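Q: Here the sequence shown stands for residues 1 to 500, numbered as in the UniProt record's numbering.
There could be a bad hint or two in this list.
Claimed, not checked - Label-pair restraints from in silico Cβ distances:
| id | residue 1 | residue 2 | range |
| --- | --- | --- | --- |
| 1 | F210 | Q67 | 36 to 46 Å |
| 2 | T170 | K388 | 46 to 56 Å |
| 3 | Q67 | Q448 | 19 to 29 Å |
| 4 | D74 | S146 | 30 to 40 Å |
| 5 | W105 | Q232 | 51 to 61 Å |
If you are wondering where the hints come from, they were derived from the structure by calculation, not from laboratory data.
The model shown is predicted, which means the values in this text are computed figures rather than measured ones.
Note that beta-carbon positions come from the ideal geometry of N, C-alpha and C, so glycine has one too.
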Amino acid sequence: MSPTSSNSLTVIDNRNGKKYVIPISTTAHDSAIAASAFKDIVHERENGEKQGLRVTDRGFLNTAVIQSSITFIDGDKGILRYRGYPIEQLAESSTFLESAYLLIWGELPTKSQYSLFHDEVMNHSTTHVDTEEIFRSFRYDAHPMSILTSVFAALGSYYPEANPSLQGQTLFTKQTQSAIENMDKQIYRLIGKAPTLAAMAYRVRQGRHFITPPPGLSYTGSFLYQMDCLGQQDFKPNPVLERALDTLFLLHADHELNASTTTVLQAASSLTDPYSAISNSFVCIVRDAHRSSQYTVSVVFCGANEAVIRMLISIGSPDKVPEFIEQVKKREKVLSGFGHRVYKTTDPRSYIIRKTADEVFKVTGKDPLVETAMRLHDVALKDEYFVKRNLYPNVDFWAASGLIYKAMGFPLDFFPVLFAVPRVVGWVAHWRQMMLSPDGVKIWRPRQIYVGPSVRDYSPIEDRDEVDRKKVTDAPTAVFHSGQSKRTQLASYIGKRSKL
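Generate the whole structure from the sequences, applying the supplied hints.
A: This is the structure in structure tokens:
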């Protein structure tokens with residue numbers, strides 16, 4: 001590239017005065033430079049070797065790892081589009097499965113295309129009878145997301161034809177007719193079995209028998225049937241709740257490279273099977289990867305919308321909202337459901353969900369927490385403290401997904417499952433895009449900045465001096481033992497290890 005090119009970045013290394021010209025690639029929406037270009041800007045290491053500069057970006061705040069045509073987000077303007085279609089239009093006119101087709105194959109389907117996709121998904125919703133034993137092996141109080149993480153990983157063992165370790169590493173990347181057909185079959189299986197496995201996780205904790213997916217119902221209708229039917233004749237889920245769940249599923253189907261999707265792609269870049277790659281993503285959901293600032297809550301083993309409900313319960317009533325707001329400002333309390341890593345204005349999905357909530361409440365009755373939520377919403381939006389920090393309600397606040405799910409009778413710890421089931425679509429869409437990349441699949445291997453000790457010589461254990469640890473993290477901590485564990489420690493037996 002010419003040094004005078006306007007489509008470039010000029011970098012001057014002030015350590016030696018050298019000048020570097022780095023090309024800028026531009027698309028309709030973004031401009032970017034290749035981080036690898038900085039490898040030409042070298043520095044001398046302590047051992048005399050020369051090494052190129054590395055780009056640090058803790059938390060991937062401004063690092064693009066792929067090019068994607070699936071989901072577009074403009075956080076400053078509050079825009080979300082699936083393959084170019086505004087989320088508002090899809091939520092109004094489309095369905096979850098139609099939008100799933102759009103996300104995966106890039107275009108809205110014709111009638112025949114949709115019919116094939118719908119039928120394949122629904123036909124692949126049944127599971128092997130052995131999976132029932134996996135579910136029943138968990139404790140009665142096991143978190144449903146722990147169950148699903150394990151079951152999705154185990155699912156791959158039933159389909160050896162989908163395992164690149166057994167069939168060859170180019171199983172999904174060679175793009176032959178048979179490879180594409182194999183890929184599509186796994187996509188049908190994953191989307192079809194997601195609600196079935198979720199319903200099984202729901203029922204196993206209640207000691208109920210599992211239900212075979214019924215024919216003739218919609219995707220969300222079948223899901224509700226499998227969770228709720230207790231043998232009643234001609235059982236049909238309420239159509240308002242069925243449609244509401246379909247809308248929520250559509251809104252949650254994809255959201256670009258969030259933590260869970262990135263985890264899928266990180267694993268998939270090693271060319272593992274899709275079931276193993278997707279099972280990894282569940283742990284990102286239950287650990288609330290949606291916190292965006294120090295003012296939003298971080299909840300272990302709990303979805304973000306579940307955290308909103310717990311916060312509203314803790315507030316108690318609308319009249320206590322001002323007191324809670326002041327405690328948040330003093331950092332004595334945490335505020336859930338406001339702020340987002342991407343959106344700097346109101347999340348576009350929140351309006352749709354609020355409308356959906358009104359429809360659901362007409363059937364179920366309004367949850368008392370709604371009044372508290374409304375007051376919190378209004379007070380926070382008028383408070384300069386939150387406005388200056390761009391802390392607007394996000395999808396998890398008016399996902400009232402929390403308030404809707406609660407009104408529909410779902411337990412709090414099942415909320416993350418209701419997020420994960422539709423997100424399987426986004427995961428497989430990004431997985432498929434990666435496998436079909438014209439540039440091939442390159443394993444994701446981030447670099448680090450080493451800050452540890454320089455070279456040291458090993459010394460035998462008897463020659464080492466006791467060192468005062470400056471921090472509790474500098475050495476292992478002792479665990480308190482009681483009960484049988486303590487009695488066992490005090491007992492004598494053959495093979496017991498003596499203390500050094």
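Q: Determine for every hint whether it applies to the structure shown.
A: Cross-check of the supplied hints:
A hinted range of 36 to 46 Å holds for the C-beta pair F210 and Q67, which are about 42 Å apart. Between T170 and K388 the beta carbon distance is about 53 Å. The supplied range of 46 to 56 Å therefore holds. Range check, Q67 to Q448: about 25 Å between beta-carbon atoms, so the 19 to 29 Å window is met. The hinted window of 30 to 40 Å between D74 and S146 holds, with their beta carbons roughly 36 Å apart.
Separation of W105 from Q232 is about 38 Å and departs from the stated range, judged on CB atoms against 51 to 61 Å.
Of the numbered hints listed earlier, the single one contradicted by the structure is hint 5.
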